[in-house]
Structures are given as C-alpha cells and as structure tokens.
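Novice: One letter stands for each residue in the lines below.
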Amino acid sequence: MNSKTFLVGLREYRSTVMTKAFILGAIVLPLVIWGLAIAIPLLIKDEIPVMHGKVVVVDETGMVAPMFISQLTPEFLRTQKEQLATIDVEKYLEKTTAALGSKAEFARPLVLAQGRRAIEKMRDQPLHELEFENITPPSSANIEQLKEQVRAGEILAVVHIKADALTHISAWLTGFIRSAASGALGGAAGSADAPAAPEGEEKSKEEPRAVIYTNRTMHVDNSGLLSERLSGAIVAMRMITQEVDALKAQVAMTPPDISVRNVTETGEIESNEVSNMLVPLAFMMLLWISTFTGGQYLLTTTIEEKSSKVIEVLLSATSPMQLMTGKILGQGAVALTMLLLYAAMGVGALRQFDLEHLVEPMKMLLVAPYFIMAFFFIACMMASIGSAVNEMREAQALMGPVMMIVMLPLLAWMPIVKSPNGSFATIASFVPPMTPFVMALRLGTNQVIPFWQIAATIVIGFAAMLVFIWLTAKIFRIGILMHGKAPNFMTLLRWVRQA
Amino acid sequence: MDAAIEIRGVTKTFGDKTAVDELDLVVPTGSLCGFLGPNGAGKSTTIRMVMSIFFPDRGSISVLGRPSAVESKDRIGYLPEERGVYRKMRVGEFLTYMARLKGVDAGEAKRRAENWLNRVDLSDVFRKRCEELSKGMNQKVQVVASIIHNPDLIILDEPFTGLDPVNTKMARELIHDLNSEGKTIIFSTHVLFQAEQICDRIFMIHRGRKVLDDTIESIRRRFDPRTILVRPAENGAAFRPQDFEGVVRAEKRRDEYEVYLREDADPTAVMRAMMNSADLRKIELRQPSLEDVFVRLVEGTRISESGAVEVVEAA
Numbered sequence: 001m002n003s004k005t006f007l008v009g010l011r012e013y014r015s016t017v018m019t020k021a022f023i024l025g026a027i028v029l030p031l032v033i034w035g036l037a038i039a040i041p042l043l044i045k046d047e048i049p050v051m052h053g054k055v056v057v058v059d060e061t062g063m064v065a066p067m068f069i070s071q072l073t074p075e076f077l078r079t080q081k082e083q084l085a086t087i088d089v090e091k092y093l094e095k096t097t098a099a100l101g102s103k104a105e106f107a108r109p110l111v112l113a114q115g116r117r118a119i120e121k122m123r124d125q126p127l128h129e130l131e132f133e134n135i136t137p138p139s140s141a142n143i144e145q146l147k148e149q150v151r152a153g154e155i156l157a158v159v160h161i162k163a164d165a166l167t168h169i170s171a172w173l174t175g176f177i178r179s180a181a182s183g184a185l186g187g188a189a190g191s192a193d194a195p196a197a198p199e200g201e202e203k204s205k206e207e208p209r210a211v212i213y214t215n216r217t218m219h220v221d222n223s224g225l226l227s228e229r230l231s232g233a234i235v236a237m238r239m240i241t242q243e244v245d246a247l248k249a250q251v252a253m254t255p256p257d258i259s260v261r262n263v264t265e266t267g268e269i270e271s272n273e274v275s276n277m278l279v280p281l282a283f284m285m286l287l288w289i290s291t292f293t294g295g296q297y298l299l300t301t302t303i304e305e306k307s308s309k310v311i312e313v314l315l316s317a318t319s320p321m322q323l324m325t326g327k328i329l330g331q332g333a334v335a336l337t338m339l340l341l342y343a344a345m346g347v348g349a350l351r352q353f354d355l356e357h358l359v360e361p362m363k364m365l366l367v368a369p370y371f372i373m374a375f376f377f378i379a380c381m382m383a384s385i386g387s388a389v390n391e392m393r394e395a396q397a398l399m400g401p402v403m404m405i406v407m408l409p410l411l412a413w414m415p416i417v418k419s420p421n422g423s424f425a426t427i428a429s430f431v432p433p434m435t436p437f438v439m440a441l442r443l444g445t446n447q448v449i450p451f452w453q454i455a456a457t458i459v460i461g462f463a464a465m466l467v468f469i470w471l472t473a474k475i476f477r478i479g480i481l482m483h484g485k486a487p488n489f490m491t492l493l494r495w496v497r498q499a
Numbered sequence: 500m501d502a503a504i505e506i507r508g509v510t511k512t513f514g515d516k517t518a519v520d521e522l523d524l525v526v527p528t529g530s531l532c533g534f535l536g537p538n539g540a541g542k543s544t545t546i547r548m549v550m551s552i553f554f555p556d557r558g559s560i561s562v563l564g565r566p567s568a569v570e571s572k573d574r575i576g577y578l579p580e581e582r583g584v585y586r587k588m589r590v591g592e593f594l595t596y597m598a599r600l601k602g603v604d605a606g607e608a609k610r611r612a613e614n615w616l617n618r619v620d621l622s623d624v625f626r627k628r629c630e631e632l633s634k635g636m637n638q639k640v641q642v643v644a645s646i647i648h649n650p651d652l653i654i655l656d657e658p659f660t661g662l663d664p665v666n667t668k669m670a671r672e673l674i675h676d677l678n679s680e681g682k683t684i685i686f687s688t689h690v691l692f693q694a695e696q697i698c699d700r701i702f703m704i705h706r707g708r709k710v711l712d713d714t715i716e717s718i719r720r721r722f723d724p725r726t727i728l729v730r731p732a733e734n735g736a737a738f739r740p741q742d743f744e745g746v747v748r749a750e751k752r753r754d755e756y757e758v759y760l761r762e763d764a765d766p767t768a769v770m771r772a773m774m775n776s777a778d779l780r781k782i783e784l785r786q787p788s789l790e791d792v793f794v795r796l797v798e799g800t801r802i803s804e805s806g807a808v809e810v811v812e813a814a
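Chains as they are written, first to last, in the numbering used here: chain A, 1 to 499; chain B, 500 to 814.
Here chain B stands alone, though its shape is the one from the complex:
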C-alpha cells in the first residue's frame, strides 16, 4: 500500500455551487503534505469528504486502502478547522472520551491523556474545565485529542491558528516527530511559509480544482527565479542595476534593489557582472516563495475549454 489517500475524479456540489470539481489527489504513505489554497477553494470540503463527513457526488475516495474513512476512522487523526471542546467538561475527561471514541480502552485512554498533556506543557490542566483554558491551551488540547489514539494518518486543518510563536514551534516539531515515526500527515494552511518550512510535498487547489501537486524542490525548480536582490555598499549611490545586460527593470526598496531579469537571461552571469562593477553588501538569487507561486497560480489560473488547468506564468 503506497497511497494513504487516493482521490479519483471527485466532484461535490452544494446546490448550484461546485465546491470540488473533478479532483484527483494521491497522498503517498509516510509523506508530510501541505494542502494549500485560498479561502473557499474547497480544502475543508475535500478533507470532510476524506473523513466521510460529506460524500462526493461523483468519483471515489480510498483512505488507508479502504473505500471509506468510516471503516478506518480509528486509524485517522483529524483536527477540523471548525473545532471546539465541551466547555463544561474537564480536560482529562474530554481527552479520555475522545480516545475512547476512537477505540482506546478506558485505562489506557486516561494514561495517554496524562502523558500527552505533559508533553505539550499542560500537565496541570487535567482536572480543569475546558472553559477555564486560554485559547492557545485549548488549541493544544484539540491537537492532542486528534492524535491521542496513535493514528497512522493525521489530517490537520489549519493547525496553527490561535497559537503563539512558541507553541507554533512546538506544534511544528510535533508534526515532524510524528512524521518521522512513519505517520502520514496532511495539513491545510493558508499561511504559506509554514507549509514551506515543514512539508515535503504541496497540493494546491483553487476553485475546487488542483493547480499544483509536487514536491517542494521540484516546485522551486519549476518556478525558476528571475529576480535578484542586491544591496550596494553605502558609497554605491552610482549603482544602476537597470543598466546591466538582461535586466528588464529594477525597483528600489529602502536600501535594496529588486532586479527582474529577461526570460533568456542567465542569472549567474548578471550577478557576476554586478559584483565586478560595484561594492555590494549583499547579492542573492531570490528563492521563489510559495507565496509567489501561490499568487501566480491563483491570479494566472484559467480553465481552458478542455477542462484542463493551465498555468499561465505571469512574466
């Protein structure tokens, strides 16, 4: 079994609105995937279909080798985007309840709840009511609730919202740890640099259609940068980047220039020429951030008549 999730030709409509349109997606076992897309792209709908909360109008979904998540829910950890706790319930009780719902027996569930709370620095909240917790603490309890039953596949919908930088880091490390234990993890986010930092594979959907499905390295290669960042030394007032061969235009941002190259220009040659002509504090070939890719894909996507998605690269 090499695919944790396999989505084939799935379409889901709500009334006259098409939320997911002919989607194909394969999540390899053991991968750590980011699931990206602007608001309303169909991320949550897709995830809910994977979780058998919604059912597709057309197409098939197999999860952990089964035709429906219903049969493998105990092996899936799911943190929904719309999440909450029973306000009056005690934290320990809530975690034990969630673990038991996912097939862990009572004694083991309690033990795991205690262990996990210790692991996320919440060792003193076991007997507190959920409503007494801060939003960030609640988020951590939610994350624990979704993985307490030691699932093979973990689906996290916007896991970092509401976490401060310290806890974001902790969550990121947790995701890495779980992935290195061999678990397949897929998480959705609209905060792209997080995906960039963590994932080894990215899916991007827009208006219910897949616009990107690749590994991070390959994305970086494909979206070859045509931008150089240059910061001249203090005496470099005479530095005029737009005069170099192959440069289309340059924009000054504070003390740095953003230099855009022609399609056929060799970035290395331009950089060498710049270094030879002036004193520079910094010169770098800008890595394409996911954000750039994202904006380019979203703004440049149009659907051709054949139904295939074409990516029109904005020059």
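Bound-form chain A, shown alone:
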C-alpha cells in the first residue's frame, strides 16, 4: 500500500478510536452493560434473607404436617447443609441413581442433572430459624384470626392444608384420564356413553388444596421454599398412602429428551427454535453496527475536513484518490475493531451460557468477505455524501433513500430467517447493497445455503463494490472542493459524468 494512503488511514483511525467519545460509547459502555448482565444475577442470588419466627400449620389431613415440618426445622436444614458440604455430589448421585436399575438407564442423565441442580440450590439455602406450631385438632383453628396475625407480623406464615389434599385429583387430570380411557377402550368396546371431560371446569378455577399465607415482607425464594417443601410433603404422603414406589414414579415421570433434527447433506444438525432466530439476527447486527459505525465516522470526518477547509491542504500532499482510500481504509480498521470487539463479547457471552455450539467457526469465517463488502458499500455511500455536502443537515436529506435500501434486510429479517432459501431471501441476496446483510442472516441460520449462491453473491457483491468505489472516487474528487448549494442526486450524477 502507498505510504500516503497508509498515513491518511492511520490518522483517520487514531483520531477516531483514540477519543473519549469512542472509548466510552463503543467500548466501555457495551462492556459495562455486558458485565452487569452477568454480574447482577450473581449478586442478587446471594441475598436470600434468613427467616426467623413462627409458622403455624393447620393440617386437615392430619398426615402432611409432620413431614413438612421435619423438612424445615433448623436442625434438619443444618444437617442437610453440612452433609451437602462434605459429600461428593457425583458419587452420591451415582449411588441414588444406581437404584434405578438397567431398565431406567435412559433417565439417568436427566435425573443426575436435576439432582445436581437441586443440591446446588440447597447448598445456597440460608439456615432459617423456624419454629412450628401444628394446631390440633385443626378444626379448632381460627384461620381468619391467624391471617390477621400474619398481616401484623406476629407470625411468619400460616400453612393451611385442606382435608382432600391427598385424595383430590384436579378436574383436568380427571378429564384427561377419562378421555384417554375412552379413547383406548372405545374402539374395542364401542362404548358410546364414555363421560366427556368436564368442559369449562378449568384448573385455575379450582379451589387450592393448600394455602400458605405470608405477608409482603417475605422474600419470594423463601415463600418458594415453603411451598416447595409443602408440595414435596403432600406428594410423598400421597405415594405412601397409595403405595406407589417413589423412585419408579420419578422415573416414569421424567420428561424424555426429545430433539428436533434437520437432516442435511453434512449430517444432522440440532435445530433449536430460539437460536434459529437469534443467531442470524446477531450475525447481521454485528455486521450492521460495525460497518455503520465506521461509515458514520467517515461521514463526520469528511464533512469536518470539508468545513474546516483542511481538505485542500491535504490535497497538496496526496491525490484525492489516496485521501479517499486512506480514509476508507482507516475507518475500515475502526469497523473491524468494533466487529472483533463485539464478536469477542458475543462469543464470551455464549461461553458463559454454554451455547458455543450455536455458532460454527466456519460460518464466522465466511462472514469475512461479506463484512468487507458491507463496509465498502456503506463507506462509499458515506464518502460520496460526506464529500458532497457542506454540513450534517444536508447529509441527512441525501442519506434517507440510501438508508431505506440498506434497512430492508433489517426490517425483513424475520421472513428471511424463517425461510433462508425462500425466493425473497434468495433474490435479496443478489441486490448489491443488501447482499452482505441478507447473506449474513442466511448464513446465521442452520440451513444449508447452496454453495453456488455463496460464490455468486461474493462475485456480484465484489463487482458491485468496485463500481461503488469507482463512482465514489468521481464524486469525491469534485465534491470535496465544492462549497455552497446543497447538492441533490442529480448533482452527484452530473459530477460522475464530469469527472
């Protein structure tokens, strides 16, 4: 590269990047936001307050309360925590899941994962200082009066377990069981009068089988703990009364791991709805933000050089072409800085949430030619406009129509991502200023874009890029020395013919 072009580019890069505005706006701010997004959940997690006080239990079943209480006594919580601190979690889980037997082998990974998560949560549990009062007989309890005491803060909570808590089966489950039974038997027995599921009777309308009354000062995690232990106690007592093997039930209820796979030439690809949508959007936004930041700076510096009249002083040393090329390359480096910075942050975020597999390194590399294209398209437009106008206000008027074309892939990202090989996406890929953005969207999806289309869009894109550069060189040469009337598109066309 020509040394003058290099010097112009270097100055352009340094005067853009080494400013407080850039460091704050483009680097520090995103870093801070990114950092906070990770740090805040971690900070909040540790703030579960310790519960001190009395919990009154009104147990109409007469069977749940002891189990519930035993799970929450200070001694139990302490022992549990101590045990969890010392035991080898993996070994412990291994031992429990061994009881599953070979038939239930399939459920092992999920049971292990659930176990790990549960243990993790219990380890973080504060040591609550709770004392319990189990009112017997339950009929002697005055619920309204107890609620009043909760409101006044005299007791922490009232746990009211209704009489049918162990036997009641919710209406929708009854309906479900009935219709399943009639469907399965109906074909064989021809029974016409199988009772239908009670329509209109929804779960939400049912009376709850147990209520925990607390006042507003209770932390959600703590009321969550109470309801979780209560639910556990009710389920356990149900199993005992109905003689169900808890472990077997657990195995039967474990949701199977169902995977949706796309069958492609290169094998099967995991399909995930959310990542299918968001990864391509992230790809394009990365391209969009980085190239537009560079382009925007190019516009600003060009207008600045023009209005401060330093431009012709520079032309005493360089040719207009060297100046333009230097500026474009300098801002290209700015855009690349942004791209790498944000891409690194993105990859970092994916690592944090164990989602690295969503982005294939090959695709990241394929984005490179499209980045170059995208940047040159935008840089050329900005350089043309910046050289032609006298001030920012005039630039806005010229940028409107140009932005519409380039904004299109941003507005139409949904349909493109949903059918990346559909006719709209395919055609838009071959319309030059949109090419790189549409292709970034398409490549971001998990579908296979035909190779010929990648090759053809790169060829067409680069050809169009050269035309853009050629046009810009002509407009730039004349524009930078023009002062006065704000130009319109016709003026720019005339300059192209003139130069």
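Derived from the structure by calculation, the hints contain no laboratory data. Only a predicted model underlies this, so the values are computations on that prediction, with no experimental measurement involved. It cannot be assumed that every hint is accurate.
What the hints assert, rightly or not - Simulated crosslink set (BS3-like; lysine-lysine; CA at most 27 Å straight-line): (1) B/K516 x A/K474; (2) B/K634 x B/K609; (3) A/K309 x B/K587.
Given chain A, put chain B in place with the hints provided.
Specialist: Frame of chain A, contents of chain B only:
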C-alpha cells in the same frame, strides 16, 4: 530544465461555464511570479490543475519536468486559498503529519516542525490545539505546513489574507529568502501592490485567458506613464497646469494636481516647463502601478474573433 511549470493550451469547463480557456503559461525555474486576476478569473482553477486536483479538459501541463504533479507532489509546496487545519489536532502533530505526508520521515518531520515554528515566532504553540490559535497564527502554521518538506516549487494562493502588517512583512521576507535559496515561487493575489513589491514576473488572467505575462520592468516600460503629479508651493495659487503645451487636462486632488498628457507629448519637456514657470514642492512622473495596468487590462479587454486577446489601451 528551465521551466518549473509549463501549461500548453489548457481548457477547463465546469458544466457550461468555461473557467480556463486555452491558457499558455511558462513559469521559469527560480523565478518569483505573481499570478494576478480579478475574482473568478480562473486563478484557483489553474493552480488546482497544476496540482492535479482538477484535470484539464484539453491541453497539457508539465510540472517540474513531469507530465503531472501527482508524481512530484513531494517537491511542491502548495498553500491553497481555501485552507484550514484539523481543529482538534495539536499544532506540532499537524505539521509533523503534513511533513510525513510529503515524504519526510517521522523524526526529521518533528524536528523541522519545531524549527519552523521558532522561525515564525510561534515557538510556544507546538503542543497547543489548532483551535486555540488566532486566525493570524493559524495562517502562519498553514504557510509552514506548505513549505516544511523543503519543496523546489512553491505555489501560494492568496498567502497574505488574514495577516497583519507585521506578519505580512515576515511572510514577504520569507518568500524572498526562499526565492534566493533557488526555489521557484508563484503566488496569486488580488492585492496588487504586494505583487509589485515582491515579484519579478507577473501573469495576469481574466475570464480564463491570459492578458499579461511579463517582467515588472518591462510592464512598466510598456505601460508608459502619461501622468505627472505636481504639488505647487503655498503661494502657487496662480499655477494652471492645463495651460502647458501637451497637457490634455488636469485634476486637482487636495493640494496636488494630476496632469494627463497627450499621446505625443514628451513628459520630460512638460516637467521642465512647469518647473521653470512656478515654485513647486513636488513634481514626479507617475510610475504606472499594477493596479492601473490591471484596471486598464480588465476594463479594456475584448476578445477578437480570431481568439487572440487584444489589449485596448484606454486613452
């Protein structure tokens, strides 16, 4: 190589406006030339073509023996009329940057920037931002930026605008010094007496065409004065200059007369006659100022059908 710049038959149009029309111009190496013309005459366009910022529609330009300034930009110092600095950049940084752009290496560029700032009495601004400087100081920084790379050919477009008399004098001396070091200097101005004071050669263009291309002495000879200035003594109320032989008319300006002579009159004879007839405080044959020449050329120029420029001398 005897011509620093050689312009042959150059024409440049913008749309339907002809800025420069069939211009021929030769700037001899080592000369100090003034490039004159009224506003909009085509001076800046010509200079921009010399600098390869614009390209001529027709004709050829050779600069320092090369067909285009692009190849010799590092040997040319150019101070454009439309000039400015990066407002946020530090003065020293700006000068170093400009020097480096013109091929001076980094360390040398910084050293030269410091030296030049000292030379133009701006030794304390090296670390200041350009926007902190006054307009005059900025002008000096600009001049330094245009010559910091020690060029052989220096083109200054309106170099004196914005300078106070002290700095104008300094700039004038600088131009003289550079010229005596053997550098070819061409500067444009519309302030004619400056050109008169400095240049040894004058080009004048008007409406894109050359109307004058000569040395100062030869111009003075060609535009032979036909005016005498006379100031009579206090008692000379009876002095009537219009009565002398060969005088067309006389105008009184305060206590002086401006006496216009007939074409065939001998100024020396008229002056002798005046001195013999009355007490005079002052009598002089007026030197034609460039301003007179300029006004005469511009007002009297018409382009004949053959395309040649005729100078019609206003009587």
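Novice: Against each hint, give a clear statement of whether it holds in the structure.
Specialist: Here is what the structure says about each hint:
1. As the CA atoms of B/K516 and A/K474 are separated by approximately 19 Å, the hinted pair is consistent with the 27 Å bound.
2. Of the pairs offered as hints, the one joining B/K634 and B/K609 holds, with about 23 Å between alpha carbons and a cut-off of 27 Å not exceeded.
3. Between A/K309 and B/K587 the CA atoms are separated by roughly 14 Å; this keeps the pair inside 27 Å, and the hint holds.
Checked against the numbered hints above, the structure breaks none of them.
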